[in-house]
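Chains as they are written, first to last, in our numbering: chain A, 6 to 338; chain B, 215 to 676.
For the record, the hints were derived by calculation from the structure and aren't laboratory data.
Backbone N, C-alpha and C fix where the C-beta goes; we use that ideal spot for every residue, glycine too.
Honestly, I wouldn't trust all of these hints.
As the list claims (entries may be wrong) - One side of the interface only, derived from the structure: several residues of chain A facing chain B at Cβ under 7 Å:
{"#": "1", "residue": "F73"}
{"#": "2", "residue": "P77"}
{"#": "3", "residue": "Y80"}
{"#": "4", "residue": "L91"}
What the hints assert, rightly or not - Stretches of chain A that chain B covers, calculated by requiring three or more beta carbons in the stretch to come under 8 Å of a beta carbon on chain B:
{"#": "5", "region": "62–69"}
{"#": "6", "region": "152–159"}
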Amino acid sequence: MALHTIWFVIVAIFWVGFFVLEGFDFGVGALHTIVGRDEAQRRAALATIGPWWDGNEVWLIVAGASMFAAFPAWYATMFSALYLALLLVLAALMARGVAFEFNGKREDQRWRSTWTWCTTLGSLLIPLLLGIGLGDLLHGLPINSNHDFTGSFFDLLTPYGLWTGATLLGLSLLHGATFLKLRTTDGIRERASELGRPLGWIAIALVVGFVIWTRNVAGGADVPGPVEFLAVIAVIASARLASTDYDGWAFAASALAIAATVGSIFIDLYPHVMISSTSSAYDLTVNGTASGHYALTVMTVVAAIFLPLVLLYQGWSFHVFRARVKTPPVVSG
Amino acid sequence: MTNDLARWQFATTSIYHFLFVPVTIGLAFLVALLQTAWYRNERPEYRRLTRFFGTLLVINVAVGVVTGLVQEFEFGMNWSAYSRFVGDVFGGPLAMEGLAAFFLESTFLGLWLFGWDRLPKRAHLACIWLVAAGSMLSAMFILAANSWMQHPVGYKLNGQGQPVLNDVWALFTNPTFLWGYVHVILASLVTGSLVMLAVSAWQLRKGREVSAFAGAARLSVIVLLPAILLQMFVGNKLGEIEAKYQPMKIAAAEAQWSNCQPCSFSVFQVGGGKNDETPTQLIEIPHLLSVLATGTFNGSVEGLTELQKQNEAKYGPGNYIPNVFVQYWSMRVMAYLGSLIALLALWGGWLVHRGTLARSRWFLRISLWAVLTPFAMNTAGWMLTENGRQPWIVQGLMKTVDANSPSVSATDIWISLIAFLLIYIALGTADLLLMLRYSRRELEHEGGSDGGGAGTIPAMSY
Chain A
6 MALHTIWFVI
16 VAIFWVGFFV
26 LEGFDFGVGA
36 LHTIVGRDEA
46 QRRAALATIG
56 PWWDGNEVWL
66 IVAGASMFAA
76 FPAWYATMFS
86 ALYLALLLVL
96 AALMARGVAF
106 EFNGKREDQR
116 WRSTWTWCTT
126 LGSLLIPLLL
136 GIGLGDLLHG
146 LPINSNHDFT
156 GSFFDLLTPY
166 GLWTGATLLG
176 LSLLHGATFL
186 KLRTTDGIRE
196 RASELGRPLG
206 WIAIALVVGF
216 VIWTRNVAGG
226 ADVPGPVEFL
236 AVIAVIASAR
246 LASTDYDGWA
256 FAASALAIAA
266 TVGSIFIDLY
276 PHVMISSTSS
286 AYDLTVNGTA
296 SGHYALTVMT
306 VVAAIFLPLV
316 LLYQGWSFHV
326 FRARVKTPPV
336 VSG
Chain B
215 MTNDLARWQF
225 ATTSIYHFLF
235 VPVTIGLAFL
245 VALLQTAWYR
255 NERPEYRRLT
265 RFFGTLLVIN
275 VAVGVVTGLV
285 QEFEFGMNWS
295 AYSRFVGDVF
305 GGPLAMEGLA
315 AFFLESTFLG
325 LWLFGWDRLP
335 KRAHLACIWL
345 VAAGSMLSAM
355 FILAANSWMQ
365 HPVGYKLNGQ
375 GQPVLNDVWA
385 LFTNPTFLWG
395 YVHVILASLV
405 TGSLVMLAVS
415 AWQLRKGREV
425 SAFAGAARLS
435 VIVLLPAILL
445 QMFVGNKLGE
455 IEAKYQPMKI
465 AAAEAQWSNC
475 QPCSFSVFQV
485 GGGKNDETPT
495 QLIEIPHLLS
505 VLATGTFNGS
515 VEGLTELQKQ
525 NEAKYGPGNY
535 IPNVFVQYWS
545 MRVMAYLGSL
555 IALLALWGGW
565 LVHRGTLARS
575 RWFLRISLWA
585 VLTPFAMNTA
595 GWMLTENGRQ
605 PWIVQGLMKT
615 VDANSPSVSA
625 TDIWISLIAF
635 LLIYIALGTA
645 DLLLMLRYSR
655 RELEHEGGSD
665 GGGAGTIPAM
675 SY
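Let's have the full structure, built from the sequences with the hints guiding it.
This is how it looks when you write it as structure tokens:
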């Protein structure tokens, strides 16, 4: 396999890894005020992601940075085209990131509710916006012969992009619910379980719609590919299991569903990386945007050394904090 | 206009980001030292100090990390022409930073924060050291990338005149990188130790937990003193390297318009800015500029006028002189404040030697305010190095005016500039509020239910 293709796969793996890991963080952030009835329960819900969310977010940084290193022309066009959308993503990432650290540091009602809102809104916005961006890659944006975006912010809101964004948001919520169920006890777990049913149905509808629409947008066969099938089966399985006692299986299924959905976008893109709706002659391709052979070789060596290490210690961190989070008894009213 | 706005945005967001970075690098190292001390001598006050300064570290890291995200995205968003042109070389170190440093730093910070009661003592200690190592590694990759912009090495031009990496080791043996990286690490240690010293000084002046905070103050002086003394040497050496590869930068920093040999150093002058080629030098020290720029007593330094002529001959017509006012004063802010801090550190070292550090009221009072200086020096340092490269974004290869995103309008940048401004003011206020609050808090007491950080009591606070 050519180095270009290997790096396209690596970039796809980073995006998939980001949504699998940070997907449940988004779900937990968005749902924590619903599953947590009082302050202690809300804290307990957030504590399920406490040690990990920061490390999970690095997958996004590395996805972006590896695009910069391996496909500079793709990174340049995509990031400048999605300008205002990414500005919103950054604002949401910042608000949500400091909210986790700052929220508990002052016992002041307004302080707390401000950061709680940052957590909730940020967790809803980020998967939606990034989903829109990924959908747009496949749907196509107005891009000229210099590979520069020629549209405005509203051109980013393609119907297919919006649906992709809604799908990734819906999957993140389901993923968050199955994660909460896996990581908590008592009241929080029960409410996450109850939420699993409606969230499951919504996610199924979104994923099925996404797969059908993708067949229209991406061209090629009318029959969904194996990974798209997998996404549908996994989301159905996860929705069914989300309100049973098979916590681990429900979580595994929602992880698979979100992985297959994000993965399918990249599979359908290949060998393109970004479609131009202006003319297919201006499409960005894997070969046309890649760095030179030497740079890719160096990066391959670096990834071959560090990626296994990262998986090892992130895995260890998940192992260390595997115990369910218990809600402390309420001390005072 | 668009280009200027993009520059303003990059300058403001990166200066803001770099208020937090050196605190993180320095404080992570110092907290690791405190915890090591606790691990070895098992005195509970060191555990309490570790947790106390660890909280300050976490508050600071939160803002440092999220503002770093902006930097990572900004290359593609605002500087797409640059990213497309140099990504082959410049993208590599950024991706390495993510893979080798960010994952390490964030994963082990989570383990450290939540692992107090879960991990064996030795493993938990290793976690904070890995956080410190991760933050230093991260600076290493960024400095390698930045040094390539100052002094491009390890590349060849391809058919389209674009730089393509052909020797990755050259990036990491680039003299600008080697000296620049040490310079940044020392600056971080100076910053971190001055923060710890100021907090300890405040607590000592209140008479709180004297033995514990005297220990912290002593530790900060012990780190500060060698760091600032070495820094004077390293900063000087970096100046020589830059005078060699970027003569314009150093000539502008001295507002040296004409050639000179030997060259005197102007301590203070009036004028000499953009169109004023005859500055009024109020105080001069003979030979000092020769020594600083060339390392020899009578070395010659080429003036801005001469360098401008050479550049025009080489690169065609245009203005190749950076903003002299910014260069001249950022150099002096750094050098003068650095010298004052060196004096403070020597004084502190003397007091540590005599064992009276915690009782010297004047030293404590001055240390409290000295915490402002590293932020001014760090900012001045980056202004000197980045402004001094102008009009180039990559020295000799690409000009800043050609580097911004063609598809991004002035309106887009205005929107993002204002958005960042508002967010950064809010973040800065919240951060300052928490830093002051938690710096003035008393040390937590041990025993009984151990107020959080562990898994059962949620939230990242402790």
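Right, here's what the structure says about each hint:
no., hint, in the structure
1, F73, "holds, 4 Å"
2, P77, "holds, 2 Å"
3, Y80, "holds, 5 Å"
4, L91, "holds, 6 Å"
5, 62–69, "holds (count 5)"
6, 152–159, "holds (count 4)"
Comparing the model with each earlier hint shows no violations; every hint is respected.
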